[in-house]
Structures are given as structure tokens and as C-alpha cells.
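**Q** Protein chains in written order, with my numbering: chain U, 1193 to 1556; chain R, 3 to 283.
Everything labelled a hint here was simulated from the structure, so no lab data went into it.
Beta carbons are placed, not taken as given, at the ideal position from N, Cα and C, and that holds for glycine.
Just so you know, nobody snuck in bad clues.
Below, computed lysine-lysine pairings styled on DSSO-like, alpha-carbon distance capped at 27 Å:
{"no.": "1", "chain 1": "R", "residue 1": "K25", "chain 2": "U", "residue 2": "K1381"}
{"no.": "2", "chain 1": "U", "residue 1": "K1490", "chain 2": "U", "residue 2": "K1456"}
{"no.": "3", "chain 1": "U", "residue 1": "K1524", "chain 2": "R", "residue 2": "K83"}
{"no.": "4", "chain 1": "U", "residue 1": "K1524", "chain 2": "U", "residue 2": "K1257"}
{"no.": "5", "chain 1": "U", "residue 1": "K1257", "chain 2": "R", "residue 2": "K87"}
{"no.": "6", "chain 1": "R", "residue 1": "K96", "chain 2": "U", "residue 2": "K1202"}
{"no.": "7", "chain 1": "R", "residue 1": "K219", "chain 2": "R", "residue 2": "K234"}
{"no.": "8", "chain 1": "U", "residue 1": "K1202", "chain 2": "R", "residue 2": "K83"}
{"no.": "9", "chain 1": "U", "residue 1": "K1540", "chain 2": "R", "residue 2": "K194"}
{"no.": "10", "chain 1": "R", "residue 1": "K175", "chain 2": "U", "residue 2": "K1540"}
{"no.": "11", "chain 1": "U", "residue 1": "K1359", "chain 2": "U", "residue 2": "K1381"}
{"no.": "12", "chain 1": "R", "residue 1": "K142", "chain 2": "U", "residue 2": "K1490"}
{"no.": "13", "chain 1": "R", "residue 1": "K87", "chain 2": "U", "residue 2": "K1524"}
{"no.": "14", "chain 1": "U", "residue 1": "K1202", "chain 2": "R", "residue 2": "K90"}
{"no.": "15", "chain 1": "U", "residue 1": "K1359", "chain 2": "U", "residue 2": "K1284"}
{"no.": "16", "chain 1": "R", "residue 1": "K87", "chain 2": "U", "residue 2": "K1202"}
{"no.": "17", "chain 1": "R", "residue 1": "K234", "chain 2": "R", "residue 2": "K175"}
{"no.": "18", "chain 1": "R", "residue 1": "K234", "chain 2": "U", "residue 2": "K1540"}
{"no.": "19", "chain 1": "U", "residue 1": "K1354", "chain 2": "U", "residue 2": "K1490"}
{"no.": "20", "chain 1": "R", "residue 1": "K155", "chain 2": "U", "residue 2": "K1540"}
{"no.": "21", "chain 1": "R", "residue 1": "K83", "chain 2": "U", "residue 2": "K1257"}
{"no.": "22", "chain 1": "U", "residue 1": "K1381", "chain 2": "R", "residue 2": "K142"}
{"no.": "23", "chain 1": "R", "residue 1": "K234", "chain 2": "U", "residue 2": "K1524"}
Sample of chain R residues facing chain U (criterion: CB under 7 Å; computed from the structure):
{"no.": "24", "residue": "E40"}
{"no.": "25", "residue": "P42"}
{"no.": "26", "residue": "R108"}
{"no.": "27", "residue": "P186"}
As a plain string of letters, each chain reads:
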Amino acid sequence: MYVAVKGGEKAIDNAHLWLAEERRGDVSVSELSLKQITEQLGLAVNRVMAEGSLYDRELAALAIKQSRGDLIEAIFLLRAYRTTLPRFGTTKPINTNNMSCLRRISATFKDAPGGQILGPTFDYTHRLLDFKLEADGENLTAAQAETAIDKEIPHITNYLNKEGLIKEEELTGSEPQDLTREPLEIPAKRPLRLQSLARGDEGFVLGMAYSTQRGYARNHAFVGELRVGMVSVEMEIPELGFSIEIGEIEVTECETVNQFHGSKTEPPQFTRGYGLVMGHSERKAISMALVDRALCWKELGEDDLGAPVQDEEFVLYHADNIQATGFLEHIKLPHYVDFQSELELIRKLRREADERNDTQEAAE
Amino acid sequence: MSDYNFAYLDEQTKRMIRRAILKGLAIPGYQVPFASREMPMPYGWGTGGVQVSAATLTPEDTLKVIDQGADDTTNAISIRKFFEKTAKIATTEKTSSASVIQTRHRIPEEQLTEDQILVYQVPIPEPLRFLEPSEIETRKMHALEEYGLMHVKLYEDISRHGAIATSYAYPVKVEDRYVMDPSPIPKFDNPKMEMAAIQLFGAGREQRIYALPPHTKVVSLDFDDFPFEPSKADYSCDLCGSENSYLDEVIVDDEGGRIFVCSDTDFCSSRQAINSELTYE
Chain U
1193 MYVAVKGGEK AIDNAHLWLA EERRGDVSVS ELSLKQITEQ LGLAVNRVMA EGSLYDRELA
1253 ALAIKQSRGD LIEAIFLLRA YRTTLPRFGT TKPINTNNMS CLRRISATFK DAPGGQILGP
1313 TFDYTHRLLD FKLEADGENL TAAQAETAID KEIPHITNYL NKEGLIKEEE LTGSEPQDLT
1373 REPLEIPAKR PLRLQSLARG DEGFVLGMAY STQRGYARNH AFVGELRVGM VSVEMEIPEL
1433 GFSIEIGEIE VTECETVNQF HGSKTEPPQF TRGYGLVMGH SERKAISMAL VDRALCWKEL
1493 GEDDLGAPVQ DEEFVLYHAD NIQATGFLEH IKLPHYVDFQ SELELIRKLR READERNDTQ
1553 EAAE
Chain R
3 MSDYNFAYLD EQTKRMIRRA ILKGLAIPGY QVPFASREMP MPYGWGTGGV QVSAATLTPE
63 DTLKVIDQGA DDTTNAISIR KFFEKTAKIA TTEKTSSASV IQTRHRIPEE QLTEDQILVY
123 QVPIPEPLRF LEPSEIETRK MHALEEYGLM HVKLYEDISR HGAIATSYAY PVKVEDRYVM
183 DPSPIPKFDN PKMEMAAIQL FGAGREQRIY ALPPHTKVVS LDFDDFPFEP SKADYSCDLC
243 GSENSYLDEV IVDDEGGRIF VCSDTDFCSS RQAINSELTY E
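Full structure from sequences and hints, please.
**A** Right under this line is the structure:
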């Protein structure tokens, strides 16, 4: 006799225990410490902080450990934690002119004030597996212990601006909306689009950006400047009446310079795409800048080419990997009630179709 | 984190959700945008319903959670545990003892009363979504009460299949105004939506809340010559013998043998209890 599917509660508890065991793996192998993750898997930590929208290396490392290295799961853990945090206030906008740069490059000028700083990059490495890393105990120091450049480095696009060659971005002065506190409403203003892209899935934003390079709403982008480094975060304290530095965060900023042949409303000039991501994440920052620029088509009076990347609703509604993965994976949940009604329907339709065929055959 | 606010969400957030609920009740069937929060369970797994429940629950409430009509399905257990942990409220499996019932995909068989609130988990709140993917467009269509597209879809079903080929999430019209998605309940449940209890619908990922006040007029869309028909498997429950409850089909052996059982587990087990009492007497 059929026994109703009971015991779900026990099954869940047991599944959780098994999961914990799997996470730990072979206990004869020493356990990962959070320090090891923050120090040696720094770029994973960066991604989790950026898409989790929470700048905390320790918590991101904890999330990575807890999620067994599933970064989207780690991002989810961080987001769920983040919602419970109270809001004390808003910081002043960070000033990336004052960034202490680890890395700063321009693809549009051979040299510029501030210089090209290559920094720690994979760019010119040969992607050959380094079997020396297999052995423990490596101890390296960079040939030249170059410290980050602390002096103010002006943005490259400012030089173009002096000639009026690049479209001026106007300060609206209005408070940007907060994506995490207000429902997303389309059409969105640029600050909201940038917010959404900044926490959007790296793979999705990359794919969207790539599509513009391959010709879907093609808009050739030069990397005007890419900089990575620490910026100070300042906050106005009402009791003090002035702002103080409350900490430092690492960010990656990318400004692209894009061709623009002019439209009915704008003269020919360069335009820019903008990407800013928490942590060191160049791929994401560049992708974001390309997508940002593509989404600006309306403001610039460009044509709607019907490309996915120009469709703000399409991009913004599908960029969030926590929403996407949740909805995708929910189809693992039981659906037998809906499926039952589909079963009934398909049987009924087939029965009726059979009956129609029978009467037709009888008539023939 | 060791300490949670009552029912997890902070009071500011609950207030924001309550305002959306009140607006939804004031405009039955209208989808109210709200700033959905990230919950500690995934989007698509009931975060909308959980947020609505969290904003609705008081410490005196008794909560029942069902998924597919059953209290003991894994996700129902998970959500019930969540509120046991974060709100420390009483929970029950008995429909009549619950003051708040969170549900996925079913309306309980037992008639609900005016003291109860039924909270639905909604995946896609927009009934027009599969006809028109753009939210900008569908909001316009609702504003202009432009529902022709939906009728064309139902008509096309009839011309192709001889019947309306929608068996769950069957669209309804609320108080002769808004076309509304009843969430993916089987169309068997649609007629129950005119009820004494308050019905609240939460879609977390899509950031929408909508509502039906008690005794709101809810009409399943149809045509005069093709009237709406609630349907279920043409059997009776093999466990309790009920002839008018919604049934799940369960495959019981390798030969494809099957039985039909009530999807509403509380309804079925209380009927079984009565039946066995009768047998003993």
C-alpha cells in the first residue's frame, strides 16, 4: 500500500549533515582557513564581494568556504546576510582621482601623466600550468617592491575633455535610487543601470559586452583607462558637522572611449562607457563599461538596432545571478499538482482527437 | 548571527511590505511593486510568500505551510522551520487551526473563514507575461484594460485543441477590472478564490504583491459557448474515498500501476481518521 511521502523533515536534516561532511572532505587533509582564502584566492573573494554587494573580505571568505567554492552560492550567502544589516547612512561619493593605484593602464595613449602602471596582471603571462606551484613552500618577492602610487592621478578622459572631444557627463545632483531598497522600475536612469550592472553576474555581463563587440549594436570601445587600487571612503558625521575617513576599499574602474558619429541631437564626438566594481575585477569592469555604453543609446539619440544589449529591460532583469539561479533551480521543487493537471488535460485532448478520428474514419 | 528580529525582517521592511499589502487590498488584482529583500532562501522558492507572511504574522498567530497541498513536502517543511526559528510562533498542519496559511500551488479543500489569511507564493505574477515579455508593455495593457490578447490566446486554444489548453495558473478577472494570475494552482481551485479569508500574493523575485479582500468577485476567463470547467482526475481518493478533492496520481509499481490520493494531506488524513472511527464502531 502506498505510504504518503513522509519523513521530509528527517531527510532535510540528514541532507544537511551529509552536505557538511562533503564540504569538509577528507579530514586527513588540513582544513582551509579564512586567511588562506582571503590571501590565496583573493580574486574569488573579490567576485563574491562585488556581486554580493558587500565589502568584507572575511565574510566573503567564510561564504566561499561554506559554499564549497560555489561562488554564486557564496554570493547568495553574502546577499542574505547583507539584507539584515541596518543602514547607518550614505558615504560621500568615492573619488577615484585620489586612488592609490596598483595598476593603471590606458590603451588610447602611449604615455600620459601618471604613467602606465602594469601592476599584478595575468595579461602577459603564458597560460602554462606552473608545476612548481604543486610543490609547497614557494616564497617569492617581486623584483622591485614597488609601492602603490599615492599621488593624485588624473583621468585620461579628462585630457580628451579639454578639447571638447568627449561628451561631457552632467552632474544631475539628484540622489540616485537604491536598487536594494526600491523595486526596479523600467525605464531606469543611468545610475540605477550602473548599480544593477555592478552587482550583475560577471558571466552574463561579459556575454552581453561580448555581443556588442561582435556586432549586436556594435560600438567599438577603446579602454581609455583601467585603474585598480585603494580609495578612501568618507562619511559625513552629523554630530561632527564634517566628513571623516571611515575606511578604504579596493575598486576597479574602467572608462571606455567609444566612437560616435553624432545624431540628430548630438555632434560627432567620443562618448564613454563606465564600469566600477568592488575589488580587483578587470573583466567585470570592462564588460560593465561596454554594456553601460550600449544602454546609453536612447540618451545619445542612436538607433534602436533591436540588439539584446540595447534592451534595458532584458539586461537589467536578467543580470542578477541570485534571482536567476533561484528561479532556475526552483524547478527542482515538486510540481506534481501542476503536472497532474497537465496530465488530465493532455489525456482529455488525446481522447477527443481520437474520437474525432474515429468518426471521420467511420464516415469515410 | 544569533538574534533575529521577529519573523526575520526588520520593522522598516515589514512596514514597507504592509503598505504594499494594503495598497493591494485597496485595488484588488493590481500588482503593487515592492522592494523585495534577499531572503535566506533562494528566489523562486517562496521568498515573496515568506516576506508577505513575515509582514503579516503576529506572535499570537498559528501558521500552516503547504506545498502541493501537503504539509510534509520538503520546501513546506523548510519554510515552516524558518518561521519556527525566527518568529517562534505556533505552527499546525490543521487547516482550521491556522490563522495564516502559506501555500504553493494549492488552495486547501476545507473552506477558509474570515479569521484566516491565505498567502500564496507566486513565481510569475504577470498573467500576460507569456504573451508579452516586456513589463513596460504589460503594465500599459493593465492600465488600459487591454486584455484582447488574452482572449485571442484562449480562442486560439479552442480552435486548435477544441478546449482551453490551460490547466493551472488559469487567468481570472477580479471585480470586472484586473486580469490576475492566481499563481500556479490547478484550475480546479479557481472557484474557491471567492472566499471569506483574505488572500495575499507575494512574488519576491519579480517584486510584486497583490491581494484579494474577502468575498471579492473572481471570475475565470472563458467564453459563453466554452464555459470554464474546473477539472480533476476522474477518480476518488484511494486513501479516504473523497470524490470531490483534487487528486495526485502516484505510480506504485514497475508496471505503471497507479493510485489516486488527495493532494491536500490534512484533508485526507482527517477523513481517514473519521473513516477508521466509523469502522471500529
